[in-house]
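There are 2 protein chains.
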Amino acid sequence: QAGAIETLEKTLETFIPDAELKEVKRILYGKELKKLILPQKVVEAAQEREFDLQGYVFEAAPEQLRTPRIVRVGLIQNKIILPTDAPVLNQITALHKRVSEIVEVAAFCGVNIVCFQEAWTMPFAFCTREKEPWTEFAESAEDGFTTRFCQELAKKYNMVVVSPILERDEIHGGTLWNTAVVVSNTGQFLGKSRKNHIPRVGDFNESTYYMEGNTGHRVFQTQFGRIAVNICYGRHHPLNWFMYSINGAEIIFNPSATVGAVSEPMWSVEARNAAIANHCFTCAINRVGTEYFKNEFTSGNGKKAHHEFGHFYGSSYVAAPDGSRSPGLSRTHDGLLVAEIDLNLNRQTADKWNFKMTGRYDMYADELTKATQNDFKPNIIKE
Amino acid sequence: QAGAIETLEKTLETFIPDAELKEVKRILYGKELKKLILPQKVVEAAQEREFDLQGYVFEAAPEQLRTPRIVRVGLIQNKIILPTDAPVLNQITALHKRVSEIVEVAAFCGVNIVCFQEAWTMPFAFCTREKEPWTEFAESAEDGFTTRFCQELAKKYNMVVVSPILERDEIHGGTLWNTAVVVSNTGQFLGKSRKNHIPRVGDFNESTYYMEGNTGHRVFQTQFGRIAVNICYGRHHPLNWFMYSINGAEIIFNPSATVGAVSEPMWSVEARNAAIANHCFTCAINRVGTEYFKNEFTSGNGKKAHHEFGHFYGSSYVAAPDGSRSPGLSRTHDGLLVAEIDLNLNRQTADKWNFKMTGRYDMYADELTKATQNDFKPNIIKE
Chain A
1 QAGAIETLEK
11 TLETFIPDAE
21 LKEVKRILYG
31 KELKKLILPQ
41 KVVEAAQERE
51 FDLQGYVFEA
61 APEQLRTPRI
71 VRVGLIQNKI
81 ILPTDAPVLN
91 QITALHKRVS
101 EIVEVAAFCG
111 VNIVCFQEAW
121 TMPFAFCTRE
131 KEPWTEFAES
141 AEDGFTTRFC
151 QELAKKYNMV
161 VVSPILERDE
171 IHGGTLWNTA
181 VVVSNTGQFL
191 GKSRKNHIPR
201 VGDFNESTYY
211 MEGNTGHRVF
221 QTQFGRIAVN
231 ICYGRHHPLN
241 WFMYSINGAE
251 IIFNPSATVG
261 AVSEPMWSVE
271 ARNAAIANHC
281 FTCAINRVGT
291 EYFKNEFTSG
301 NGKKAHHEFG
311 HFYGSSYVAA
321 PDGSRSPGLS
331 RTHDGLLVAE
341 IDLNLNRQTA
351 DKWNFKMTGR
361 YDMYADELTK
371 ATQNDFKPNI
381 IKE
Chain B
1 QAGAIETLEK
11 TLETFIPDAE
21 LKEVKRILYG
31 KELKKLILPQ
41 KVVEAAQERE
51 FDLQGYVFEA
61 APEQLRTPRI
71 VRVGLIQNKI
81 ILPTDAPVLN
91 QITALHKRVS
101 EIVEVAAFCG
111 VNIVCFQEAW
121 TMPFAFCTRE
131 KEPWTEFAES
141 AEDGFTTRFC
151 QELAKKYNMV
161 VVSPILERDE
171 IHGGTLWNTA
181 VVVSNTGQFL
191 GKSRKNHIPR
201 VGDFNESTYY
211 MEGNTGHRVF
221 QTQFGRIAVN
231 ICYGRHHPLN
241 WFMYSINGAE
251 IIFNPSATVG
261 AVSEPMWSVE
271 ARNAAIANHC
281 FTCAINRVGT
291 EYFKNEFTSG
301 NGKKAHHEFG
311 HFYGSSYVAA
321 PDGSRSPGLS
331 RTHDGLLVAE
341 IDLNLNRQTA
351 DKWNFKMTGR
361 YDMYADELTK
371 ATQNDFKPNI
381 IKE
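Quick mapping for you: the protein sequence lines, in order, are chains A and B.
At position 314 of the first sequence (counting the first as 1) the number is 314 in the UniProt record's numbering, and the numbers step up by one without a gap.
At position 227 of the second sequence (counting the first as 1) the number is 227 in the UniProt record's numbering, and the numbers step up by one without a gap.
Since the hints were derived computationally from the structure, they do not count as laboratory data.
Among these hints, one or two may not hold up.
Copies of one chain are not kept apart here, so a pair can be met inside one copy or by any two copies together.
[Claimed, not checked] Capping the alpha-carbon separation at 25 angstroms, the derived lysine-lysine pairs in BS3-like fashion look like this:
1. 25 / 10
2. 356 / 377
3. 352 / 31
4. 382 / 370
5. 25 / 156
6. 382 / 303
7. 294 / 377
8. 79 / 10
9. 356 / 10
10. 131 / 303
11. 155 / 10
12. 31 / 10
13. 370 / 356
14. 131 / 352
15. 10 / 22
16. 352 / 303
17. 304 / 352
Since this is a predicted model, take the numbers as computed values, not measurements.
With the sequences and hints as input, model every part of the structure.
See the structure below:
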């Protein structure tokens, strides 16, 4: 069943005749994107390394006073490598190796900013509610093994690296956090951004491990543009995307880990709506594959205990402020999505559609402040 | 071109084989909805009256302490009837007649709450920037010709009527507003809700005619559930949907008038995202057809003057909190979409996914308040 459809787009292309396909794609994906022309050796490298490689171009109109602001982003989705009961350090190292071979191809593609999936150095083990060995995957954001690994990649390829990990914060009692580390293309640790909204749904028992992030809605000024990281469940919260945008984010990454029949139809809606509503680019990344755990666990849904909770459906994509979006990566295989973006499209779209100008934020600040009070009286009109 | 695709769903169904179609629909539309079984005489009445009739059922799980809270909503989309230079009263009367014959079928379908399209008594003439004769279409919300017409319908069919009109407010200097009137199923004027966000984009020169609404985010308690009206351009503003939901809306109607290659790919995203993010139902209604105006007008895009600005693409639909949605009505023909909704699905979805519980609204109230200050310093981290 997981493999029934490799990608939605390929299924549409297989069966729908060209004339209708053009209209179907326009309605579903917005304006047609050019494919990014990639050198043959790059295409071959992706084939040899067995991952889906796709590239698209988001163009903007020429302007008189600004040159195009071209940036290439890379989104990486991947399976875990070793069984989940392999030694922790072996699991991490195997993932480092796999991701580094995909990043090398991203570098061949001229990627300037790469983002990995949520908690990319580990299986998504929060379904188990076990503390060991999963908490051993936590690392210092500032100078952990994985951050140092990313700093090497960043320097080697002159690439900004967004690295979402399980963080252990030794300075604050050794607490855990779900955190994205941002490494500058110079190899410097630029900062970290924590997951603001923590799920309590189905197998996503993350509130057992870490609290809501306390790093607010910071935006990172990189050489290639201003970026922010809205981790996973935060994609369901329009206010979260919004506040990153208000702080100036031009590209918001959404590294995720999500499964299931309810989640998948939402996947193509949420990050894309955020790109439209906030006049910015969004990059939605989901892992792939099914992860098996040695000890059985239940899912709080009355069903029998089991060892896995379904396949992560991949389908990573990039969405643009003008409502256009790229196709999704594979639903089942590792992949690298490269998008060449002209950031000038953000302001061009904003100047045309004016959502920020017409946003009436003073009214909402006032209404929201009132709504958070305990004695809030909803504005309800009755007969 | 307008007619190239009648509906997206029909095109998918025509070309994609059953096995793949099931997966394509699951990914694009969420869980499969039952079709509403409608009596043959009703289907025939719709055929005779030449409009697209579709009906779907949004089910919820049974509960122990609450009975199902079933409501049937009706969404009506239609073309204008007479040429735009016909006498004003004739145009209004012709639309009353057309809509009343669709409402009669809605009553046959057991509809409890019906909503018409934005500014439904008139052509969408704001493209012209002419004041006359368009301002003559404005009426009193409380006791205008059209409100009295809706009151008759409401009483006759025991139906709540949401009637979006161009309002003239005599008490406040005769100002115009873009307003939805809500008439109770008893025939009483229940209240009005004004459009909160006014576009300045392309042919939508509405800020020439009326200002941003001053009725906040009121919600109407009807016999069939709590409803709110987010008019047209407000669908691009996630905060607008959100605040109706915070005030308790269970169903948010989005009567609209929209055209164009940029708008259409956004159409299926925005109201649906709002249903997901706010654990409520949303009903997106767009008019159909192309409206010709006697005097030529320009569109602020460097192109030659013209007499029409493209076809309203219809595609009205209902979206549910669990990410499922109905197919769209026709892109080219008048239509009535009937959705049987169990409002219990809202709380069931909220209890499972917890977006309000995990919303951190105090943080956002604080951040948004700061962001609206003139001396706001965005939270940007630099190397």
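Results of checking the hints against the structure:
1. 25 / 10: This pair counts as both: shortest intra-copy Cα distance 11 angstroms, inter-copy 14 angstroms.
2. 356 / 377: between (28 angstroms within a copy, 17 angstroms between copies)
3. 352 / 31: within (16 angstroms within a copy, 36 angstroms between copies)
4. 382 / 370: Close inside one copy (21 angstroms), not across copies (34 angstroms); limit 25 angstroms.
5. 25 / 156: neither (38 angstroms within a copy, 44 angstroms between copies)
6. 382 / 303: neither (43 angstroms within a copy, 49 angstroms between copies)
7. 294 / 377: neither (50 angstroms within a copy, 49 angstroms between copies)
8. 79 / 10: Within one copy only: 21 angstroms inside, 36 angstroms across.
9. 356 / 10: Neither, since 36 angstroms and 36 angstroms both go past 25 angstroms.
10. 131 / 303: For residue 131 and residue 303, the Cα distance is within 25 angstroms only inside one copy (23 angstroms; across copies 64 angstroms).
11. 155 / 10: Classified as neither; 36 angstroms inside a copy, 52 angstroms across copies.
12. 31 / 10: both (18 angstroms within a copy, 21 angstroms between copies)
13. 370 / 356: both (22 angstroms within a copy, 16 angstroms between copies)
14. 131 / 352: Intra 51 angstroms, inter 24 angstroms, cutoff 25 angstroms: inter-copy only.
15. 10 / 22: Classified as both; 13 angstroms inside a copy, 15 angstroms across copies.
16. 352 / 303: So residue 352 and residue 303 pass the 25 angstroms test across copies only (16 angstroms; inside, 51 angstroms).
17. 304 / 352: between (53 angstroms within a copy, 19 angstroms between copies)
Hint violations for this structure: numbers 5, 6, 7, 9 and 11, all remaining hints satisfied.
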